[in-house]
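Undergrad: Here's the letter readout for the chains.
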Amino acid sequence: MTDTILEFREITKTFFGVHALHDISLVVPRGHILGLIGQNGAGKSTLMNILGGVIRPDGGEMLLDGAPYQPRSASDATRARIAFIHQELNLFTNLSIAENLFIDALPRRKPLPLIDRGTIRRRTEELLDSVGLAVAPNTMVEKLSPGERQLVEIMKALSIDANIIIFDEPTTSLTARETEQLFGIIERLRAAGKTMIYISHILGDVMDIADDIAVLRDGELVAQGPKDDFDVSRMIALMVGRNLEQLYPIRETEPSDDVLMDVQNVCQTGIVEDINFTLRKGEVLGVFGLMGSGRTELARLLFGLDEFGTGEVRLNGGSTYNVGVSDSIKNQIAFVTENRREEGLLMEMPIADNLALVSLSQFKQRMTQFIRQDDLAQAAQDVTATLQIKCGNIASQPAKSLSGGNQQKVVIAKWLMSRPSIFIMDEPTRGIDVGAKYEIYSIINDLAGQGTGILFISSELEELMGMCDRILVMSRGEIRGEFARRDFNKENILRSAFREENGHESL
Amino acid sequence: MKASSRERLTLLLLQNTTPILFVAIFLFFGVQSSQFLQPQNIENIIKQASFIGMAAVGMTFVLLTAGIDLSIGSIMYLAPLVAGQAIRHQGIGVFPALLLAMVVGMLFGAVNGFCIVKLRIAPFITTLATMVGGRGLGTAITKSRSLDFPQPVLNFGRSEVLGIPLPIVVFVVVVAVGHIVLTRTAFGRQVYAVGNDVEAAKKAGIKTDRVLAGVYVISGLCAALSGFILVSQIGRLDAPFGKGDEFDAIAAAVLGGASLFGGVGNAFGAVIGAVLVQMVQNGLVFTNVNLYLQPMIQATVIFLAVFFDSLRGMRLTKLRRRYIRIPTDRTAAQPPRVDSARHGIVSSSGD
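Chains R and G, in that order, give the protein sequences.
Residues in the first sequence are numbered consecutively from 1, following this note's numbering.
Residues in the second sequence are numbered consecutively from 1, following this note's numbering.
For the record, the hints were derived by calculation from the structure and aren't laboratory data.
Be aware that one or more of the hints could be misleading.
[Unchecked claim] No more than 20 Å apart at the CA atoms, straight line, and that leaves these computed lysine to aspartate or glutamate pairs for DMTMM-like: (1) R:281 x R:161; (2) G:202 x R:446; (3) G:203 x R:446; (4) G:207 x R:104; (5) G:203 x R:76; (6) G:202 x R:273; (7) R:143 x G:238; (8) G:203 x R:208; (9) G:207 x R:76; (10) G:47 x R:208; (11) G:202 x R:168; (12) G:202 x R:208; (13) R:400 x G:199; (14) R:227 x R:257.
[Claimed, not checked] In silico contact screen, one side only, chain G against chain R (beta carbon under 7 Å); selected entries: (15) 110; (16) 184; (17) 204; (18) 208.
If you're wondering where the values come from, they're calculated on a predicted model, not measured in any experiment.
All residues carry an ideal CB built from backbone N, CA and C; glycine is no exception.
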């Protein structure tokens, strides 16, 4: 037995003449946890897809336990006892846990063609025990929470007795407790001698659990070594390729006193209670809250996506208006949703068509109601240039081909074309890399400078503290605290979010 | 997600709309006409339902993968036709003829499967083409003349097992086998997996092509069986035989709870669906409803069943909506996640 379980040698992969991976040579020691980091598009997924047999490298080789390893399909990787736990889970919600675990090779009760249900139940019970999940093997997966589903994926890895387990952004949809539980299991797997590759954008987590760290940038391996050689700022510098002295661009303008949006006593049973706030011209107003505090629900309700309960919303100091999506758009409110893939973009459609969605009616010919195609194309072209969206031909390139950051810019650009005066942005920088975040922040500052009011919802407190004029703190559907810029204090804001302003929980 | 007992009752009712509708309609006709409740009539209803029912079991397999099979009406015509020709010209016996019909049905299904899996033509288009082509082939063979079957076939069709007419026996066998295949075999569970998420199924190492092609073979087999048994009742095969039955089979499967989006449905549903449709038809005759109104009443029943199902869907989404402010809520019961305290890329370098 060698000390090295897995070795990549000069792996190269080219897509359409562009190097996705260039000469990657990387050694994974047995029993170690390798933290693999890099910006979106740095080549992490490509490398892992090569390992998993999903794509084949153009050059180079992989050695597994010292022997050449050339997977041609996902099942080859499984046979080599390499397991993947993906960001989006591959479970069948209409089947039971036991069936999910063994779906590719359900054991039979020979000579009958029937499934040996006793065997899979017993095996599943053992696996459930080993991850500490207390449910019955025949529980339908649709009844499980995201964290529990992830445990099922881990059970799947254990069921093939995997030697190498790859975690790809495993904590994205987990609660704090579930994340803790996951890390506990990773520790146990480490103790059992498993080798793991842990991919994450949350560098703190990577620092906590990895033994070694490898950094990819633009398809090249820019650094690797034991964890102690790294700290978070070095990791960021390596990923970005330059030192980011400034995380948040400075805004030159101050909010004015004109009130754009005045929200009064908004209630919706079970969702939000007694919401009062104002949004001023040129103001960036942050909304902070823990998961399930009602941040997103409030945004959806104000924009008219969800049922509006009682209360009033006044715009521009005028009278109240009927909250509803088309009225919101007419009143120049824009809403960048939390989930750009499903709610923000038509992924299969060209960028230009995505851009045109909101403002289509502004480009109608008065008499014929036909679309003025030339004007529309020009406007789309202009906004693409303004926001510096990196893309080819906007009329033909589909939205899904863009990187996360550029996709988010398309979402913002789509709304910009309708010239909004109020922008509601829900997690606008989620899942995009450091460089793109900075660009989004700059766009927000520019918008505020032009007098747009921005309701900036985020679960990253530092980002809000870096960007906002004021922060509202939500908890259990109500506004629990309000902080002006000069009073920004991480601890106080968190206390407010946890309802522990007085040192103990108050109800 | 806490539902009051009243809500739970509503949900329970909505979850079982088709069985409730079934019982209600049964009782309604029972009160209206005493003849309706005669054992002879009930047997008759089930017997009449068995032909569509058998095809609906096969259709359920296809619907589970989010596919559709429009060609089963043509298979019901073509399979017994080939068998009938073989009886007439080769003089084969009833059982070989039955087997031949089943083989023809499976081959026909295999052609559908091949086009869908290998040539990647959408199921709707593939089976629309084979529906037209299959009937065309049949009429070309017969030159549109009807084909009479000899007495042994009719004797077979009118035979009974333990006093139960053959169509019902075959129907029961088809449903039982279908149920066992769906719930107890690897293939059956993989059908559900593929219907739930094809991509995930591929990644899980399931041979999705085999599963997808397999359901059309099964659908073809069920249709051929249904066609042969039906022809053995009447002894004559006309050019429009089985025409339009594909839609009755789809309706029966959907009434029985199968979803056109795949992943949801079961073999017993096809029984309830097929019998329900037949019961309405039969009951309307007994209650002397105007002949021209009958199709519209049948349509209303189908509409109601599907409408209640959609209501249930809406109700469920509403119940599953996240309630933030109810203390029994699971998000509130767990300590909430401290997103911000954990270090995101940007945040970490700051402190």
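Undergrad: Hint by hint, note whether the structure agrees.
TA: Status of each hint after checking the structure:
With a C-alpha separation of about 59 Å, the suggested pairing of residue 281 (chain R) with residue 161 (chain R) is violated against the 20 Å cut-off. Distance restraint check for residue 202 (chain G) and residue 446 (chain R): the Cα-Cα separation of roughly 46 Å exceeds the 20 Å cut-off, and the hinted pair is therefore not satisfied. Between residue 203 (chain G) and residue 446 (chain R) the CA atoms are separated by roughly 44 Å; this puts the pair beyond 20 Å, and the hint is violated. In summary, the hint linking residue 207 (chain G) to residue 104 (chain R) is supported, as the alpha carbons are separated by about 8 Å, within the 20 Å threshold.
Using a Cα cut-off of 20 Å, the hinted pair residue 203 (chain G) and residue 76 (chain R) holds, with the two alpha carbons roughly 11 Å apart. Between residue 202 (chain G) and residue 273 (chain R) the CA atoms are separated by roughly 46 Å; this puts the pair beyond 20 Å, and the hint is violated. The suggested pairing of residue 143 (chain R) with residue 238 (chain G) is violated, with an alpha-carbon distance near 51 Å, which exceeds 20 Å. Proximity of residue 203 (chain G) to residue 208 (chain R) is assessed by CA-CA distance (about 30 Å); at most 20 Å being required, the pair is judged violated.
Restraint check: the Cα-Cα separation between residue 207 (chain G) and residue 76 (chain R) comes to about 14 Å, which is no more than 20 Å; the hinted pair holds. In summary, the hint linking residue 47 (chain G) to residue 208 (chain R) is not supported, as the alpha carbons are separated by about 69 Å, beyond the 20 Å threshold. Between residue 202 (chain G) and residue 168 (chain R) the alpha-carbon distance is near 19 Å, which keeps this suggested pair within the 20 Å criterion. Between the alpha carbons of residue 202 (chain G) and residue 208 (chain R) the distance comes to roughly 34 Å, so the proposed pair goes past 20 Å and is violated.
A hinted pair counts as satisfied when its Cα atoms are at most 20 Å apart, and residue 400 (chain R) with residue 199 (chain G) qualifies at roughly 17 Å. A C-alpha spacing of about 50 Å is found between residue 227 (chain R) and residue 257 (chain R), which places the hinted pair above 20 Å, so the restraint is violated. Against a cut-off of 7 Å between C-beta atoms, the interface hint on residue 110 (chain G) is violated, since the closest Cβ of chain R lies about 20 Å away. Interface restraint check for residue 184 (chain G): the shortest CB-CB distance to chain R comes to about 5 Å, inside 7 Å, so the restraint holds.
Hint on residue 204 (chain G) holds. Least Cβ distance to chain R is approximately 5 Å, under the 7 Å limit. Interface hint at residue 208 (chain G): violated, since its Cβ lies 11 Å from the closest Cβ of chain R, which is beyond the 7 Å cut-off.
In the structure shown, a violation is registered for the earlier hints numbered 1, 2, 3, 6, 7, 8, 10, 12, 14, 15, 18, in ascending order.
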